[in-house]
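S.K.: As a plain string of letters, each chain reads:
Protein chains: 2
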Amino acid sequence: MPRFFMSGSNIISNGVAVFRGSDLNHIKVLRIKLGERLIICDGEGRDYECRLSRLGDNIAEAELIEERLSAGEPTINTTVLVSLPKGDRADFIAQKCTEAGAHEIVYFFSEHSVSRPDAKSLAKKVERWSRIAGEAAKQSGRGIIPKVRSASSLAEALDIGVKADLKLFMYETGDRIPLSAAIGSAADAKSAAIITGPEGGFEKYEADIARVSGFTICSMGPRIFRCETAPLAALTALMYATGNMD
Amino acid sequence: MPRFFMSGSNIISNGVAVFRGSDLNHIKVLRIKLGERLIICDGEGRDYECRLSRLGDNIAEAELIEERLSAGEPTINTTVLVSLPKGDRADFIAQKCTEAGAHEIVYFFSEHSVSRPDAKSLAKKVERWSRIAGEAAKQSGRGIIPKVRSASSLAEALDIGVKADLKLFMYETGDRIPLSAAIGSAADAKSAAIITGPEGGFEKYEADIARVSGFTICSMGPRIFRCETAPLAALTALMYATGNMD
Numbered sequence: 105m106p107r108f109f110m111s112g113s114n115i116i117s118n119g120v121a122v123f124r125g126s127d128l129n130h131i132k133v134l135r136i137k138l139g140e141r142l143i144i145c146d147g148e149g150r151d152y153e154c155r156l157s158r159l160g161d162n163i164a165e166a167e168l169i170e171e172r173l174s175a176g177e178p179t180i181n182t183t184v185l186v187s188l189p190k191g192d193r194a195d196f197i198a199q200k201c202t203e204a205g206a207h208e209i210v211y212f213f214s215e216h217s218v219s220r221p222d223a224k225s226l227a228k229k230v231e232r233w234s235r236i237a238g239e240a241a242k243q244s245g246r247g248i249i250p251k252v253r254s255a256s257s258l259a260e261a262l263d264i265g266v267k268a269d270l271k272l273f274m275y276e277t278g279d280r281i282p283l284s285a286a287i288g289s290a291a292d293a294k295s296a297a298i299i300t301g302p303e304g305g306f307e308k309y310e311a312d313i314a315r316v317s318g319f320t321i322c323s324m325g326p327r328i329f330r331c332e333t334a335p336l337a338a339l340t341a342l343m344y345a346t347g348n349m350d
Numbered sequence: 105m106p107r108f109f110m111s112g113s114n115i116i117s118n119g120v121a122v123f124r125g126s127d128l129n130h131i132k133v134l135r136i137k138l139g140e141r142l143i144i145c146d147g148e149g150r151d152y153e154c155r156l157s158r159l160g161d162n163i164a165e166a167e168l169i170e171e172r173l174s175a176g177e178p179t180i181n182t183t184v185l186v187s188l189p190k191g192d193r194a195d196f197i198a199q200k201c202t203e204a205g206a207h208e209i210v211y212f213f214s215e216h217s218v219s220r221p222d223a224k225s226l227a228k229k230v231e232r233w234s235r236i237a238g239e240a241a242k243q244s245g246r247g248i249i250p251k252v253r254s255a256s257s258l259a260e261a262l263d264i265g266v267k268a269d270l271k272l273f274m275y276e277t278g279d280r281i282p283l284s285a286a287i288g289s290a291a292d293a294k295s296a297a298i299i300t301g302p303e304g305g306f307e308k309y310e311a312d313i314a315r316v317s318g319f320t321i322c323s324m325g326p327r328i329f330r331c332e333t334a335p336l337a338a339l340t341a342l343m344y345a346t347g348n349m350d
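Those sequence lines, one after another, are chains A and B.
105 is the number of the first residue of the first sequence in the working numbering; add one for each residue after it.
105 is the number of the first residue of the second sequence in the working numbering; add one for each residue after it.
Don't take every hint at face value.
Because identical chains cannot be distinguished in the list, a pair is counted as satisfied if it fits within a single copy or across any two copies.
Calculated cross-link-like contacts (lysine-lysine; reagent style DSS-like; alpha-carbon spacing at most 30 Å) [what the hints assert, rightly or not]: (1) K242 / K190; (2) K224 / K294; (3) K190 / K229; (4) K242 / K224.
Treat the hints as calculated values from the structure; they're not laboratory data.
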């Protein structure tokens, strides 16, 4: 069923949802006809199954059939923190991590980050990634749109991630714990943070800071993932291990 | 360390490997200097760590330091069979499934496959995907280059996949078994086949044929993966579950 994220005054009131602007446009692009069903999600984990009851030039309406909790939300709230990669790899990460169940996506700068946009350009990029996450959330049936933001340094990223129950730092070399051991040791975790590196990897001192901050330094096995694949692989493994791919 | 796949007469004989043509070119592009180390892999799971001992215009040589089994090969041989998607999604699948540990990648046509290249164009595409898999195998430290081929129908794909110990068919709706239950029931599997669908998904009759052929019809949870993400997500989950991401 087509899926819309709506909030504020447009959402269901008195059993009727109102579509204007880009939401109305979306109805038209998808060629939804009178009487057809769609899902409106409030972006906070609640779904409203509706039937299109009015379709005008400047407005559309849908009647509420059933209200329920969104099925698409994992039981674990995961923040994915990625060192900003080059080019469209960051787009890829926003899309794929949304599909896989990320709650929040944070791009940060680390020692070997090549891409260093200025503040204005970064703000535009965050907007773009948020839009990509929004589209992916609709397509994949999420109950929320993952929040996307940036952090200026690894320290700031650690500061965000350190609040999670399960704190994972993916590192390609040195002293590490197998990912399954790290995840297995926190079976009842309600929240997780996954940190992955840039094209050139992390410096040893960066892994050391993460370890001191309470992160588990993890290995994802003998194969080396590209920087845009690593967050998705780690997130998928976590979702699988916590019963969120069943 | 830079990684080369070589076979036939160029590989180590009498403790020396010889580089010509594209392999020599690769040495020059990577600017490997005399005395520097590199790994030559025979593509069958064996690595040769070498030192560059000669660098000429038309030939280079490397001396053998150590021979060993490639560390990058999973303990389970997985064939990923994907219904051919549109555009560059097939490229993406070849690259990412190689990183994640696929042994073989098969593209096939199913009821809702949109892309239907003719034989000549398909042969070119298979060549292209093989090249992508080769590049990804080098980058990610694989001990083999996954074989890429095409199959003309779901029946042919099932025929390939049915030989595997663990036979998984990803389906978005209807009667399904959670992925973890399907994987968990075959803990000692030495080989696996994963089948995923095209943009429009599989028809019910296709899932029925797969079930009759001995495949387990699996759910990957409440979130719907895009057709190019599904094979990677399923393969990653399998690698994680079988201890191949540790």
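S.K.: Okay, which hints does this one fail, numbers in order?
M.R.: Going through the list in order, the structure violates hint 2 alone and respects the others.
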